[in-house]
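Take the given structure of chain A and dock chain B to it, following the hints.
So the sequences go chain by chain: A and B.
Here numbering that gives the first Met the number 0 is used: the first residue of the first sequence is 0, the next is one more, and so on.
Here numbering that gives the first Met the number 0 is used: the first residue of the second sequence is 0, the next is one more, and so on.
What the hints contain is simulated information worked out from the structure, not anything from laboratory work.
Just so you know, not all the hints are guaranteed correct.
To list a few chain A residues with every Cβ distance to chain B over 10 Å, as calculated [what the hints assert, rightly or not]: (1) Met31; (2) Ser62; (3) Thr73; (4) Gly83.
Some chain B residues near chain A, calculated using beta-carbon distances under 7 Å [to be verified]: (5) Gly44; (6) Gly48; (7) Pro221; (8) Leu227; (9) Pro229; (10) Ile232; (11) Ala291; (12) Val296; (13) Pro297; (14) Val405.
Lysine to any residue pairs mimicking SDA-like chemistry, simulated, CA-CA at most 20 Å apart [unchecked claim]: (15) Lys470(B) / Gly122(A); (16) Lys468(B) / Gly122(A); (17) Lys266(B) / Gly122(A); (18) Lys266(B) / Arg121(A); (19) Lys266(B) / Leu45(A); (20) Lys468(B) / Arg124(A); (21) Lys470(B) / Pro123(A); (22) Lys266(B) / Ser20(B); (23) Lys362(B) / Tyr347(B); (24) Lys81(A) / Gly59(A); (25) Lys362(B) / Tyr29(B); (26) Lys266(B) / Arg102(B); (27) Lys81(A) / Ala295(B); (28) Lys361(B) / Val129(B); (29) Lys266(B) / Lys81(A); (30) Lys468(B) / Pro123(A); (31) Lys81(A) / Ser58(A); (32) Lys362(B) / Ile171(B); (33) Lys362(B) / Ser36(B); (34) Lys468(B) / His107(B); (35) Lys266(B) / Gly59(A); (36) Lys362(B) / Ile350(B).
For each residue, glycine too, the CB sits at the ideal point set by N, CA and C.
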Amino acid sequence: MLLLAPFGAPLHAAAPRFVQPGAITSDTGYAMIGWSADAPVTLTMLRNDDPATARTLYSGSNSASFVSGLEDGTYTLILRDKAGLRSAPLELTVIHQPLARALLLVTMGALIFLAIVATILRGPRDE
Amino acid sequence: MSDVEAILPAQTAWLLLSAFSLLWIALGAYWGRRNTSFEDHALAGRNIGLALGTATAAATWITSNTTMLAPQFALQLGIWGMLAYATASFGLLLFAPMARRIRTLMPHGYTSGDFFRLRYGRLAWAIFLVFTLFYSLTWLVSMAMAGGILLKALSGIPYAWGMSVILAVCVIYTMRGGLAAVIGTDFIQSLVIIAGIVVVGFAVLSHVPIERIHANLASERPALLSVLFPAAIIAIFNNLLFGLGEVFHNNVWWSRAFAFRDGVAGKAFALGGLVWFPIPIAAGFIALASGALNVAVPAADMVGPLVIADVLGHTGAIAIFIIVFCSLASSIDSLLAATSDLVTEDIYRRILRPAAAPRNLKKVAQYVTLLLGVLTWAICLPRIGTLATVLFFAGPLVGAMIWPIVTGLYWRRANAAGAVGGMLLGAGVGLACYFAIGWYVATLAATAVSMVWVLACARFSNSRFDWAKLKETA
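The following block holds chain A by itself, in its conformation from the complex:
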């Protein structure tokens, strides 16, 4: 083991771990994932515990990755370093905001905007 030390490998490398203390939730489909690791890592993610959906999000020495555009579902994230050490899985649950509420707010915004445009384009009303 001592022979490996000059090449940069720590004597007692710890397994990589996520900085998030527990499962995280998102109502926007995006999240920042942070971790600490002694060596470069590979971050993989799978959806609803289905191994067929596993994909590598990042490989390298960064200590964070930004994921976005996720649909509703439960995602499991795992870090693995070159020595094969694995982190505890991190669960990310995505539940987008209710579409009905979003459409209501959009309608309200559109009406207010149109009223502003009409007032300006119509010009002076009672001169």
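Okay, now just chain B, sitting in the frame of chain A:
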């Protein structure tokens, strides 16, 4: 952002910073050499033509947020997010007819504060001053802070140095040259920014075909392409109304309306809006290509520079550094000039020294610019964190001012009770929604409540405002 490695050597960055700083200061001194009165200093002699007018409208609206936050919006909220950011151009487009009206009604006006004082009286004026000074100072501090943070992230230049240099350069040339220097430098800065964004956009497209970008998004970030992405569609009108509120009330835009030559204001703001509209879309597109280009994104707010550096290498790193520096300077100088004019005209001249001579007012405006710079520097130095959230906090304040301004410009029935109640109720309800529900409804709620109150007061009012009262001479 601290996790990102610098993409440009510090030595190159210092060289660029020094060269552009000297250029802006020299131009500021040159353009300010004919300023003798407050009117020259604050409004560039009311003689700005169409080319400079269009460039300053577009450049001032291209902040570091446009070049950095638009890609972030696209990465977080997809196509809708990109378009939501671009809707801020409606602020300039709709201000075009308003600017024509402002020039007609107030041929001798100096600030947006003059409008509130003359149109609605001292109480509405006081509320307006509190709201707009809070917003302006927040915007100024957030820009200066962003300058230090971005220069550090891009090149490793220490935060305090980067922030101090950008702020000092803007203060020096704004003090020396006033609005003429601000508008002149804006012209060059807008050309640099637009050319940079176009080159970067084509470079990204030449590296990865659009079909591959689409395929990558569809498989890895499907929500970004969804037409019914809830968070993204909510952001559209909240962002749009925030943009309208920012432009309609702030003296940055009113001072330009007063400074443009007769017949220029409407065209300049309309063209400025059209020039600005594609910028966030081009900047956002860069972010959407990050997956297809295999660019790792450790922080959403660094996606733009990371993709550009990946595609263009060292040249790209230099380009993004210059674009960021120009977009920061073009906004900080405008805010310094417009806010110092507001303080000089609305507080010093109208409250403290009504008999002050024009030449004296110019000196006061220069000292206020310096004081604003020092205050901003002192707030920014400890780097207490990002003020982007505080800027969002100002959303309800600016949203609540939309209807008092629009109806005040066009309806004789609009009155002080409507303006005061609209601003206070709108801002109150908007802030309550900000904390109870979220930032994404705050401006919308504030504008809605303010609209109902202002329209009700106008509907039941018997008063008819005399437009001639707005033609106050100095």
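Checking each numbered hint in turn, tell me which of them this model violates, lowest number first.
1, 2, 5, 6, 11, 19, 22, 28, 29, 35
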